[in-house]
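Protein chains: 2
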Amino acid sequence: MTSVNYQSLVEKLSEVSYLNGVMSTLGWDQEVVMPIGASEARAQQISALAGVIHERMTDPRLGDCLAALEAEDSAYFDTLQICNIREARRKYDLETKIPKKLVKEMAGLSSQGHTVWVAARRDNKFSDFAPLLKRFIELKKEWAQCAFPGMDHYDANIDNFERGTTMADITPVFERLKAELIPLIQSIQDTHYQPDNSFLQGTFPVDKQEALARKISKDIGFQFDCGRMDVSVHPFCGGSHPTDVRITTRYQENDFIESLYAVIHETGHGLYEQGRMLEGRDLPVSESLTMGIHESQSLFWERMIAQSELFCRHYFDTIKATFPDNLQDATADAFYRAINTCKADFIRVEADELTYPLHIILRYEIEKGLFDDSIAVDDLPEVWNDLMMKYLGIKPPTDTLGVLQDSHWSSGAFGYFPSYTLGAIYACQFYQTMTNELSDVEKNIEKGSFAPIKAWLNEKIHRQGSLFTPHDLVCRVTGESLNPEYFIEYLKKKYSAIYPLGLE
Amino acid sequence: MTSVNYQSLVEKLSEVSYLNGVMSTLGWDQEVVMPIGASEARAQQISALAGVIHERMTDPRLGDCLAALEAEDSAYFDTLQICNIREARRKYDLETKIPKKLVKEMAGLSSQGHTVWVAARRDNKFSDFAPLLKRFIELKKEWAQCAFPGMDHYDANIDNFERGTTMADITPVFERLKAELIPLIQSIQDTHYQPDNSFLQGTFPVDKQEALARKISKDIGFQFDCGRMDVSVHPFCGGSHPTDVRITTRYQENDFIESLYAVIHETGHGLYEQGRMLEGRDLPVSESLTMGIHESQSLFWERMIAQSELFCRHYFDTIKATFPDNLQDATADAFYRAINTCKADFIRVEADELTYPLHIILRYEIEKGLFDDSIAVDDLPEVWNDLMMKYLGIKPPTDTLGVLQDSHWSSGAFGYFPSYTLGAIYACQFYQTMTNELSDVEKNIEKGSFAPIKAWLNEKIHRQGSLFTPHDLVCRVTGESLNPEYFIEYLKKKYSAIYPLGLE
Numbered sequence: 001m002t003s004v005n006y007q008s009l010v011e012k013l014s015e016v017s018y019l020n021g022v023m024s025t026l027g028w029d030q031e032v033v034m035p036i037g038a039s040e041a042r043a044q045q046i047s048a049l050a051g052v053i054h055e056r057m058t059d060p061r062l063g064d065c066l067a068a069l070e071a072e073d074s075a076y077f078d079t080l081q082i083c084n085i086r087e088a089r090r091k092y093d094l095e096t097k098i099p100k101k102l103v104k105e106m107a108g109l110s111s112q113g114h115t116v117w118v119a120a121r122r123d124n125k126f127s128d129f130a131p132l133l134k135r136f137i138e139l140k141k142e143w144a145q146c147a148f149p150g151m152d153h154y155d156a157n158i159d160n161f162e163r164g165t166t167m168a169d170i171t172p173v174f175e176r177l178k179a180e181l182i183p184l185i186q187s188i189q190d191t192h193y194q195p196d197n198s199f200l201q202g203t204f205p206v207d208k209q210e211a212l213a214r215k216i217s218k219d220i221g222f223q224f225d226c227g228r229m230d231v232s233v234h235p236f237c238g239g240s241h242p243t244d245v246r247i248t249t250r251y252q253e254n255d256f257i258e259s260l261y262a263v264i265h266e267t268g269h270g271l272y273e274q275g276r277m278l279e280g281r282d283l284p285v286s287e288s289l290t291m292g293i294h295e296s297q298s299l300f301w302e303r304m305i306a307q308s309e310l311f312c313r314h315y316f317d318t319i320k321a322t323f324p325d326n327l328q329d330a331t332a333d334a335f336y337r338a339i340n341t342c343k344a345d346f347i348r349v350e351a352d353e354l355t356y357p358l359h360i361i362l363r364y365e366i367e368k369g370l371f372d373d374s375i376a377v378d379d380l381p382e383v384w385n386d387l388m389m390k391y392l393g394i395k396p397p398t399d400t401l402g403v404l405q406d407s408h409w410s411s412g413a414f415g416y417f418p419s420y421t422l423g424a425i426y427a428c429q430f431y432q433t434m435t436n437e438l439s440d441v442e443k444n445i446e447k448g449s450f451a452p453i454k455a456w457l458n459e460k461i462h463r464q465g466s467l468f469t470p471h472d473l474v475c476r477v478t479g480e481s482l483n484p485e486y487f488i489e490y491l492k493k494k495y496s497a498i499y500p501l502g503l504e
Numbered sequence: 001m002t003s004v005n006y007q008s009l010v011e012k013l014s015e016v017s018y019l020n021g022v023m024s025t026l027g028w029d030q031e032v033v034m035p036i037g038a039s040e041a042r043a044q045q046i047s048a049l050a051g052v053i054h055e056r057m058t059d060p061r062l063g064d065c066l067a068a069l070e071a072e073d074s075a076y077f078d079t080l081q082i083c084n085i086r087e088a089r090r091k092y093d094l095e096t097k098i099p100k101k102l103v104k105e106m107a108g109l110s111s112q113g114h115t116v117w118v119a120a121r122r123d124n125k126f127s128d129f130a131p132l133l134k135r136f137i138e139l140k141k142e143w144a145q146c147a148f149p150g151m152d153h154y155d156a157n158i159d160n161f162e163r164g165t166t167m168a169d170i171t172p173v174f175e176r177l178k179a180e181l182i183p184l185i186q187s188i189q190d191t192h193y194q195p196d197n198s199f200l201q202g203t204f205p206v207d208k209q210e211a212l213a214r215k216i217s218k219d220i221g222f223q224f225d226c227g228r229m230d231v232s233v234h235p236f237c238g239g240s241h242p243t244d245v246r247i248t249t250r251y252q253e254n255d256f257i258e259s260l261y262a263v264i265h266e267t268g269h270g271l272y273e274q275g276r277m278l279e280g281r282d283l284p285v286s287e288s289l290t291m292g293i294h295e296s297q298s299l300f301w302e303r304m305i306a307q308s309e310l311f312c313r314h315y316f317d318t319i320k321a322t323f324p325d326n327l328q329d330a331t332a333d334a335f336y337r338a339i340n341t342c343k344a345d346f347i348r349v350e351a352d353e354l355t356y357p358l359h360i361i362l363r364y365e366i367e368k369g370l371f372d373d374s375i376a377v378d379d380l381p382e383v384w385n386d387l388m389m390k391y392l393g394i395k396p397p398t399d400t401l402g403v404l405q406d407s408h409w410s411s412g413a414f415g416y417f418p419s420y421t422l423g424a425i426y427a428c429q430f431y432q433t434m435t436n437e438l439s440d441v442e443k444n445i446e447k448g449s450f451a452p453i454k455a456w457l458n459e460k461i462h463r464q465g466s467l468f469t470p471h472d473l474v475c476r477v478t479g480e481s482l483n484p485e486y487f488i489e490y491l492k493k494k495y496s497a498i499y500p501l502g503l504e
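If you're matching them up, the sequences are chains A and B in order. Going by our numbering, the first sequence opens with residue 1, and the numbers climb by one from there. Going by our numbering, the second sequence opens with residue 1, and the numbers climb by one from there.
Please keep in mind that the hints were generated in silico from the structure rather than gathered at the bench. Please note that a few of the clues may not be correct.
The list makes no distinction among identical chains, and a pair is therefore deemed to hold if it is satisfied within one copy or across any two copies.
Unchecked claim - Only pairs whose alpha carbons sit at most 27 angstroms apart, straight line, appear in this in silico BS3-like list of lysine-lysine:
hint: 1; residue 1: Lys12; residue 2: Lys104
hint: 2; residue 1: Lys12; residue 2: Lys100
hint: 3; residue 1: Lys218; residue 2: Lys447
hint: 4; residue 1: Lys443; residue 2: Lys215
hint: 5; residue 1: Lys12; residue 2: Lys101
hint: 6; residue 1: Lys100; residue 2: Lys215
Could you build all of it, start to finish, from the sequences and the hints given here?
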């Protein structure tokens, strides 16, 4: 028999889940279809709805309900129920422990921050952004104090995005990456060789790009009866429910690789959402875990699958048939090499899988330094450029192309960056386990048969929802905790075959 | 100085307005873009949001605030403020005066009603629908008793859609229409003549239909930076705010008139919403008035403007250039005649402007009889068919094509039908006044210069919001109350010129 208190919790949490679904629909609408003139009205609508959700999430009756449940004998609850109670407690505490004054100042600074950051980036003037950044770090330290008392302030900020993961976990992993990837990239640069990618230049009609991307997304397993694919300025995966998952991409006439791989990346996120457990779909237990685990799913499909030789071999004829004028003289092997080039660049979002981790490590080290006061905000441009030189051998000519490139800090999102690279490492570790557990993975990729792969991810990761921490999930799935060696091995092997490094 | 209570009212009403805007976005999303698999989740989201809105609208603090305002000296309030207080009171009373048990039973019956009606219509089996209809009439009588105590029950249901308008207003107007239109339609049928419309048959590519409709909507004055045009199963005008107005249409390859005139119709609704007063946009005072006044705006553009000879003359070359193969041998005059044919048909939504009022009058008389118990539900199919014979000279071969054709009753929307024809009469009356007040209306239509017409409607109707009742608004704009003679005169003159009636 379900406890009366638990029934009441389910009602409260479901209502919040429905209202959050509504909020997601508003967000999608704003990015994809909303007329430009509606932005002011939409901000008011979002603010009103956010107010309602906040009211529900901080309702003392929810607090009372949780306290009553925690006083009950936990032996009467099953695993899913225990998870829902635990997750509701975490969220309730995070919402109620922060003083209103602090919440308000953070919200104000975040909305002001975006405007200030846009202008500073445009004007290449870090000093215009610095005061706001300083204040945000102070506030985020205060926030950490309230949200996770006794925890290191930066660890608390990481915990907000990557539950249960601390600097003690991350630093040694990132040190291993540095030790291996910096010399690997250096030796690639020393070859002065780049695979031919001239056939990826030219004109690629947008309607053909769209049809190709839609086909591959569907082949991989995206269910279009429970989702959509549209266009937005920045690709994202949104939607209001596992039955309403909406991915986006953007098209440029002169580059079909960008739109296609953005779709595959977002499809990875989308499969996670569509693959959530059927029970408790409107409760925390079924929700996707962390930013890092989500990113592991998008990168799994984008890199482990779609940037592989086998995948290129399977789809090359289709791609060639889509753009016959451009690709008539290319081969599957040339295509594989052309989409796997390594080149140090200033901009994180344009980085390849080899250089990307160093962009992240640089930001992680800076955030760490900002929180332990070993780096001063005013020194950031210099620190940034020095690290870029040290890690990638290039120096940004402007702060616009350097310390001002990302929006994250303008909204106070410290501790978010590590998730990207944790995701890449998880993806590789999951892939390794999958090939051990499933037979014919490579054969299946080569013949475009992705259903067994998707089913494995569904079972091992998507349907696990929020039952475990990322650490516990990775241990359960792969038999060991986060281990960067698979990722390092994968990169070394792959790029040694593409570039003449003389390592083989 | 604004009263503290009034300030509090504004905050409460604005929040409801924002949340209603969110609800409209959900509705648009559901009809236009939502993946089919999401319907269950969407129902839950809508229900959760409706619960929040209901909670706000029935909040005793809103009641206290209104009572306090009503106790203040009204001399301190301006016209807009008085209107907001009055409208808030009306809505608050309508929400709070109905017993919860009744609200719940009506909601349940409405959702069940749609399913039952769809099946009964499909199976041509009125007896399956009859019990539900009987119960709904009982409930709507109860509802009238609570919502408008002392008012006739059917008048109360009409008031819900067409404020301040009663059977005492409508019946004589509809009698005049019957007296004139039934013989007019009869004499048209007696001619056995129909204008040639063969050039409207054929294939009309959807992309060209869409471009044409978009151009004309824009020419008329729809602002696409504050609106959108999309596709849905049934055309509608939705959106979340005057800066976010969304019209839809539907396309059939073999008929461009349907999509084009649906767009013009919905553009008329859209111009009303986009033209709302700038002050108090998130308050009741700025809201569109009634169903009938809204319909007057859509029909103004669809019929008075776009079905006119002048409009056809202006756009014929454009239309011909859009579909050159089909229209090469047609003329502007032939086009005008072809889109203004009169033909008695079983289905209301496919009726022309001459026969449409009789479809409405039939429903009005039936609803009246159902509420005063002079008509029994079980007799409806027979009553329906007899009236069809009497008014239009045709007898539906099935109830599917007769009494079961409309969805309105299945959701308890009694008293809604008259609005359609009131709107047509208002539209004609407004047009008459406009041609008296503005010079060169006809010349402007003929040269496609719609800005002065739109500006007149903006000033006279759209910006008046909810300041007046429909009756007062019509008197202020036209100098007299609802007068069907303009409409009758317009129809007689127009159709005597199209059909050889020997009246001229």
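These are the hints, each one checked on the structure:
no.: 1; hint: Lys12 with Lys104; verdict: both (25 angstroms within a copy, 21 angstroms between copies)
no.: 2; hint: Lys12 with Lys100; verdict: both (22 angstroms within a copy, 21 angstroms between copies)
no.: 3; hint: Lys218 with Lys447; verdict: within (15 angstroms within a copy, 50 angstroms between copies)
no.: 4; hint: Lys443 with Lys215; verdict: within (20 angstroms within a copy, 53 angstroms between copies)
no.: 5; hint: Lys12 with Lys101; verdict: both (26 angstroms within a copy, 23 angstroms between copies)
no.: 6; hint: Lys100 with Lys215; verdict: neither (48 angstroms within a copy, 51 angstroms between copies)
Comparing the model with each numbered hint stated earlier shows that hint 6 is the single one that does not hold.
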